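Line by line, the protein sequences are chains A and B. Its first residue numbered 76, the first sequence is counted upward by one per residue in this note's numbering. Its first residue numbered 42, the second sequence is counted upward by one per residue in this note's numbering.
Hints may contain errors.
Listed below are the simulated DSS-like cross-link pairs for lysine-lysine, each with C-alpha atoms no more than 30 Å apart in a straight line [stated by the list, open to error]:
{"#": "1", "chain 1": "A", "residue 1": "252", "chain 2": "B", "residue 2": "72"}
{"#": "2", "chain 1": "A", "residue 1": "259", "chain 2": "B", "residue 2": "129"}
{"#": "3", "chain 1": "A", "residue 1": "252", "chain 2": "A", "residue 2": "263"}
{"#": "4", "chain 1": "A", "residue 1": "263", "chain 2": "B", "residue 2": "129"}
FYI, nobody ran anything at the bench for these hints, they're computed from the structure. On a predicted model such as this, the values are computed, not experimentally measured, just so you know.
Residue-level listing of the chains:
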Amino acid sequence: MEEVVRPGGLSVDGRLATADDATLVAACAERVPGAFQALLSRYRRPAVTLAYQMLGNREDAEDVAQEAFVRVFQAIPRFRGQASFSTWLYRIVTNLCLGSRRRRRATVGLDAVREPRASDSPSRQVTEALLTRQVLAAMAPELRAILLLRDQEGLSYSEIAEALRLPLGTVRSRLSKARTAFRKIWSKLSETGEEQS
Amino acid sequence: MTCTLYEEQLSSYLDGELPARRAARLEAHLKTCPHCQAELTALGGIAGRLRAVSSQIEVSHDFDRRVLRAFGYWHVTGWQKPVKSYLKPLVILALFLLAMMGAVWHFFTRPLGPPVPEPRPAVPAVAPAISGMPAPPVQEREER
Ligand SMILES: [Zn+2]
Chain A
76 MEEVVRPGGL SVDGRLATAD DATLVAACAE RVPGAFQALL SRYRRPAVTL AYQMLGNRED
136 AEDVAQEAFV RVFQAIPRFR GQASFSTWLY RIVTNLCLGS RRRRRATVGL DAVREPRASD
196 SPSRQVTEAL LTRQVLAAMA PELRAILLLR DQEGLSYSEI AEALRLPLGT VRSRLSKART
256 AFRKIWSKLS ETGEEQS
Chain B
42 MTCTLYEEQL SSYLDGELPA RRAARLEAHL KTCPHCQAEL TALGGIAGRL RAVSSQIEVS
102 HDFDRRVLRA FGYWHVTGWQ KPVKSYLKPL VILALFLLAM MGAVWHFFTR PLGPPVPEPR
162 PAVPAVAPAI SGMPAPPVQE REER
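All chains, please: the whole structure from these sequences, using the hints.
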């Protein structure tokens, strides 16, 4: 066995690391040692970043991502491969983020990013990253979700349709709406930023 | 302005999801319309902005461990969890039932005056039934 496990991090069997998702899912169902770690190391980052951009803070994001992984892992023995693993995971992360309690907290979290700018940025050096977060925070959660799935995570329209359980036509129109919303809020916030200086 | 109609198509066009004929018409419009060109550029820049932010996001070093622990996969090299997850409640339930059984057993076997003799198999119709009263319990018959 090539597997090496160190106390600090979880390393993954070499063959598992290069296996495709379907193989890894099957390996998890067969309880192959290291298969769960392989899926984790592949998807931890997308899951956390998606949740982070949805919720606006790392603590909630990691909680959501953790919950999503646990749900997915628990359901793996019943997973029939009707969707891809990634779509399945994205779906759960998105749904958890859109859950009412977290959504409320999310807005607070993202809004909090806005606070320091007004008070302690005399030079008005609003970084683009900060502005991007403000724009995301100002967007409707459903629009934010579809925008992130497409433009951050790079899902195809059909994958988004699967993840959000939406018809393709709705994916197309909602994504267009989301991008337009992002663009408009961006312009508005950058204008008000300039006015303040 | 006809721009509104084209603006709605920009997003799909960006992703190559616009049917060829409509894409051709949009391209013809784009050549003559700086407004829609600017809009297309702005929409196309969103992905880069989002990824610039997401690339800065770090994941806690112990994230995997926390997931596997929450999943109950506590021994990270093998499958342990599904057993462990429901084992704990089962053990608690078993202990509770044992305690209940102990309490019930104690209740029925607690000393109450003279020891209760072992009931014998009922002897049919030994005592005569008086005015429709049921036969007295075995215990009373023994005391006589
Ligand atoms: Zn135009």
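Hints versus structure:
Between residue 252 of chain A and residue 72 of chain B the alpha-carbon distance is near 23 Å, which keeps this suggested pair within the 30 Å criterion. In summary, the hint linking residue 259 of chain A to residue 129 of chain B is not supported, as the alpha carbons are separated by about 53 Å, beyond the 30 Å threshold. Restraint check: the Cα-Cα separation between residue 252 of chain A and residue 263 of chain A comes to about 16 Å, which is no more than 30 Å; the hinted pair holds. Under the criterion of a C-alpha separation no larger than 30 Å, the hint pairing residue 263 of chain A with residue 129 of chain B is inconsistent with the structure, at around 55 Å.
When held up to the earlier numbered hints, the structure conflicts with 2 and 4 and fits the remainder.
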